[in-house]
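K.L.:
Each chain, written out:
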Amino acid sequence: MNRNLSVNLAGVNLKNPIATASGTFGSGREYSQFVDLNHLGAVTVKGISHEPWEGNPPHRIAETHGGMLNAIGLQNPGAKDFIAYELPFLRQFDTKIIVNLCGRDIDDYIAVTEDFADTKIDIFELNISCPNVKTGLSMGTDSKAAEAVTKAVVARANAPVIVKLSPNVTDIVSIAKACEAGGAAGISLINSVLGMKIDIRKKMPLLGNTMGGLSGPAIKPIALRMVYQVARNVDLPILGMGGIMNWEDAIEFIMAGATAVAVGMANFTNPCVTMDILEGIENYMEQEGITDINQLRGIAW
Amino acid sequence: MNPKHYETAKVISNSHAYGVYSMKLEAPQVAADSKPGQFVMVYLGSDKHLLPRPISLYDVDKAAGTITLDYIVPGAGTKIISEWPVGHNLQILGPLGNGFDLENLGERVALVGGGIGIAPLYFLAKELNGLGIKTDVYLGFRQEIPRHISCFETLAQNIKVATEDGRGGNRGYITDFLPRNPTYDTILSCGPIPMLKALARYAHSHNIPCQVSVEERMACGLGACKGCVVKTLVGYQLCCQNGPVFKSDEIFLPTAKTATQKLH
Ligand SMILES: Cc1cc2nc3c(=O)[nH]c(=O)nc-3n(C[C@H](O)[C@H](O)[C@H](O)COP(=O)(O)OP(=O)(O)OC[C@H]3O[C@@H](n4cnc5c(N)ncnc54)[C@H](O)[C@@H]3O)c2cc1C
Ligand SMILES: Cc1cc2nc3c(=O)[nH]c(=O)nc-3n(C[C@H](O)[C@H](O)[C@H](O)COP(=O)(O)O)c2cc1C
Ligand code: FES
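If you read the protein sequences in the order shown, they are chains Y and A.
Take the first sequence: its position 271, counted from the start at 1, is 271 in the numbering used here, and no numbers get skipped.
Numbering-wise, the numbering used here comes out as the position in the second sequence, counting from 1, plus 1000.
Treat the hints as calculated values from the structure; they're not laboratory data.
Computed from a prediction, not measured in an experiment: that's the story for all the values here.
Glycine is no exception: its CB is placed at the ideal position from the N, C-alpha and C atoms.
Just to be clear, a hint being listed does not mean it is correct.
Claimed, not checked - Derived list of chain Y stretches under chain A, where covered just means 3 residues or more per stretch with a C-beta under 8 Å from a C-beta of chain A:
| no. | region |
| --- | --- |
| 1 | 53-60 |
| 2 | 83-93 |
| 3 | 175-186 |
| 4 | 267-273 |
Stated by the list, open to error - The following label-pair restraints were derived from C-beta to C-beta distances:
| no. | chain 1 | residue 1 | chain 2 | residue 2 | range |
| --- | --- | --- | --- | --- | --- |
| 5 | Y | P57 | A | S1046 | 43 to 49 Å |
| 6 | Y | D118 | A | N1207 | 36 to 42 Å |
| 7 | A | K1197 | Y | R91 | 40 to 46 Å |
| 8 | A | K1231 | Y | I106 | 28 to 34 Å |
| 9 | A | N1129 | Y | Q287 | 56 to 62 Å |
| 10 | Y | R225 | A | D1176 | 55 to 61 Å |
| 11 | Y | A181 | A | A1032 | 42 to 48 Å |
| 12 | Y | P57 | A | G1172 | 28 to 34 Å |
| 13 | Y | N8 | A | F1252 | 34 to 40 Å |
| 14 | Y | D94 | A | D1061 | 46 to 52 Å |
| 15 | Y | E288 | A | A1032 | 41 to 47 Å |
| 16 | A | K1231 | Y | D118 | 32 to 38 Å |
Said to hold, decoys possible - Below, in silico cross-link-like pairs of lysine to any residue (SDA-like), each with a Cα-Cα straight-line distance of 20 Å or less:
| no. | chain 1 | residue 1 | chain 2 | residue 2 |
| --- | --- | --- | --- | --- |
| 17 | Y | K203 | A | D1185 |
| 18 | A | K1048 | Y | K202 |
| 19 | Y | K197 | Y | P57 |
| 20 | A | K1126 | A | I1149 |
| 21 | Y | K202 | A | K1262 |
| 22 | Y | K15 | Y | K202 |
| 23 | A | K1079 | Y | H65 |
| 24 | A | K1247 | A | V1230 |
| 25 | A | K1247 | A | R1167 |
| 26 | Y | K144 | Y | D171 |
| 27 | Y | K202 | A | A1076 |
| 28 | A | K1079 | Y | T64 |
| 29 | A | K1231 | Y | W53 |
| 30 | A | K1231 | Y | P58 |
| 31 | Y | K203 | A | Q1261 |
| 32 | Y | K15 | Y | L90 |
The following block holds chain Y by itself, in its conformation from the complex (with noise of 0.2 Å):
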């Protein structure tokens, strides 16, 4: 049977729902050498920032149960080093690119998504929710800056911009709305969950940032429940992501709304994990008689 996996995210077409989750898979180049970027839906490359960040201090990551901790604070080299050592490597796949854009405050992020005038880039990301760094979090958890700097960003960016929402509120409905007010061809989401964890022996915290974001399947439930919500008030394409370990997790996801998954830690505990969850998804369409993955979002509402 002839099944259709491909889907539209933002205007731009998927050959698969599979996509990779921000800061988790480097700019692809590292997990080259263990999964064809060619079967990919997407790749979402590190967060990108208009200068270099240098990152938090150590230690970055710890793992607690069932998921981890991290506290990286967006260390990348700016955006003109990726363009040029970067970027061409990930051309030569037949993937999407999503780029993911960060920055301190308005003119930070202008000045990232001009920094990308001259260059073809499949979706930006624009990540409004970094727990990690000290204004990320403002821009996300705040409905009137959340909308300011999607139309500030969607004004000069050349291709489509989905936003990335942080979980850190109490309405995530309410903000993906003022995303889409500001002209977002989407929404991301969920960006990790702010957290801590003590080392007792030192008797401090653990993370040399203190706090830090919780990934992984502990965060799944909430991820899911969000998705849920902004997938059934908004009327934009979701990348669902948070806590996707295997093909089950990824089918949750586009049951509740999902247009595309992005995995994310899952790549650390296994760097095969997206062709295990593409290839468990083709076997469930299978099983299921289900032709059009397309089919399955939303069924779940």
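Let chain Y serve as the given structure and place chain A with the ligands on it in line with the hints.
P.N.:
Positioned in the frame of chain Y, the structure of chain A with the ligands alone reads:
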């Protein structure tokens, strides 16, 4: 890019002696491409502990297609590893990191190891022996001296062992037993931070190039997550990709911070 493999390995032996575990794995792909100082990620197959554990290559037998890991059990992840029976299949990723730089070592090399930090030094000693480089080995332990340090005997010209409680003869830190007027061309080392700091001072004062292998918490092991940074003269560098071996005069070894003083 150096070849790396995500390989299904099989436990050949996994035993415990004097506080140190030793696990031999059948892992021909990783074995074939390994260099001293490199490490592997060991995947635990646990739903609770999802991050792989970085462990150095203690020994590699390319002909037999095996690798040996020497490890201690400070927490739950290594506890899981220590319970694997012979025949158990596990996933590993490697070889990772750059390992020791073996170019221009000169004629005389000192290897200095502390505690479980001796792990990468055996493979290194074997390699240096093969290159015809004369090595002296200095090993420091808290109390117990692992039995298998005898394996260094055929590889080194001289071996000196010290323990903090004096067991085995020399009492104190191994760095106190380094020669006053060294004739070494290079020092290669792995061990706890205080030892590396003392060694870095020693190497600096005698103007001897020194490479140290350090640890940091890791998630991917591949340079993708930017989680495993160590501070160097040129800013943060990735332990998994730029290290784990660094030049001692280029890395800032962290000072251990604790909040214990608040208790008093
Ligand atoms: C490059 C490298 C090589 C290493 N080689 C060896 C070796 O040959 N033998 C050996 O016994 N140990 C080695 N270690 C240390 C080993 O990785 C840790 O002891 C182990 O990860 C602890 O896991 P756990 O679950 O038992 O402890 P837990 O404290 O429960 O681990 C919790 C988390 O912290 C991380 N973590 C804890 N301690 C360390 C540490 N010292 N370094 C890095 N991550 C840590 C764990 O990986 C895990 O993600 C090496 C570390 C690195 C970075
Ligand atoms: C180490 C690490 C780095 C991350 N870096 C970024 C980033 O640069 N930009 C971003 O928008 N999200 C970043 N994230 C968040 C992930 O993209 C994802 O939203 C989150 O981890 C939830 O998905 P998961 O549970 O599948 O990991 C990072 C997550 C991790 C674990
Ligand atoms: S462990 Fe991910 S970059 Fe080093």
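K.L.:
Look at each hint and say if it fits the structure.
P.N.:
Results of checking the hints against the structure:
1. Only residues whose beta carbon comes within less than 8 Å of a beta carbon in chain A count, and the region 53-60 of chain Y has 6; three or more means the coverage holds.
2. Counting residues of the region 83-93 of chain Y whose beta-carbon sits less than 8 Å from any beta-carbon of chain A gives 0, not enough to reach three: the coverage restraint is violated.
3. Restraint check on the region 175-186 of chain Y versus chain A: 0 residues with Cβ-Cβ distances below 8 Å, three needed, restraint violated.
4. Beta-carbon proximity to chain A at under 8 Å applies to 6 residues in the region 267-273 of chain Y; the threshold of 3 is reached and the given coverage holds.
5. Taking the beta carbon of each, P57/Y and S1046/A are about 29 Å apart, not inside 43 to 49 Å as hinted.
6. Between D118/Y and N1207/A the C-beta distance comes to about 50 Å, which lies outside the given range of 36 to 42 Å.
7. A hinted range of 40 to 46 Å for the beta carbons of K1197/A and R91/Y is consistent with their spacing of about 45 Å.
8. Separated by about 32 Å at the C-beta atoms, K1231/A and I106/Y satisfy the suggested range of 28 to 34 Å.
9. Range check, N1129/A to Q287/Y: about 58 Å between beta-carbon atoms, so the 56 to 62 Å window is met.
10. Taking the beta carbon of each, R225/Y and D1176/A are about 60 Å apart, inside 55 to 61 Å as hinted.
11. For A181/Y and A1032/A, the Cβ-Cβ distance of about 57 Å falls outside the hinted range of 42 to 48 Å, so the restraint is violated.
12. Roughly 32 Å separates the CB atoms of P57/Y and G1172/A, a value that falls within the hinted 28 to 34 Å.
13. For the pair N8/Y and F1252/A, the supplied restraint of 34 to 40 Å is violated, since their beta-carbon distance comes to about 49 Å.
14. For D94/Y and D1061/A, the hinted distance range of 46 to 52 Å is not satisfied, since their beta carbons lie about 41 Å from each other.
15. For E288/Y paired with A1032/A, a C-beta distance near 43 Å keeps the hint of 41 to 47 Å intact.
16. Taken as a hint, the range 32 to 38 Å holds for the pair K1231/A and D118/Y, whose Cβ atoms sit roughly 35 Å apart.
17. Pair hint K203/Y plus D1185/A does not hold up; C-alpha atoms about 41 Å apart against a cutoff of 20 Å.
18. Restraint check for K1048/A and K202/Y: the C-alpha separation of about 23 Å exceeds 20 Å, so the hint is violated.
19. Between K197/Y and P57/Y, the direct Cα distance comes to roughly 16 Å. Compliance with the 20 Å bound is thereby established for this hinted pair.
20. For the given pair, K1126/A sits about 13 Å from I1149/A by alpha-carbon distance, which is consistent with the 20 Å threshold.
21. A C-alpha spacing of about 11 Å is found between K202/Y and K1262/A, which places the hinted pair at or below 20 Å, so the restraint holds.
22. Simply put, K15/Y and K202/Y have alpha-carbon atoms about 49 Å apart, too far for the 20 Å limit, and the pair is violated.
23. A threshold of 20 Å between alpha carbons decides the hint, and for K1079/A with H65/Y the separation of about 16 Å falls inside it, so the pair holds.
24. Between K1247/A and V1230/A the CA atoms are separated by roughly 12 Å; this keeps the pair inside 20 Å, and the hint holds.
25. With a C-alpha separation of about 32 Å, the suggested pairing of K1247/A with R1167/A is violated against the 20 Å cut-off.
26. Proposed proximity of K144/Y and D171/Y is supported: the alpha carbons are some 13 Å apart, at most 20 Å.
27. Between K202/Y and A1076/A, the direct Cα distance comes to roughly 18 Å. Compliance with the 20 Å bound is thereby established for this hinted pair.
28. Distance hint between K1079/A and T64/Y is fulfilled; the C-alpha atoms sit about 16 Å from each other, no more than 20 Å.
29. Between K1231/A and W53/Y the alpha-carbon distance is near 14 Å, which keeps this suggested pair within the 20 Å criterion.
30. Distance check on the hinted pair: K1231/A and P58/Y sit about 9 Å apart at the alpha-carbon level, within 20 Å; holds.
31. Simply put, K203/Y and Q1261/A have alpha-carbon atoms about 10 Å apart, close enough for the 20 Å limit, and the pair holds.
32. Taken as a hint, the K15/Y and L90/Y pair is honoured in the structure, with Cα atoms around 16 Å apart against an allowance of 20 Å.
The structure shown violates the earlier hints numbered 2, 3, 5, 6, 11, 13, 14, 17, 18, 22, 25.
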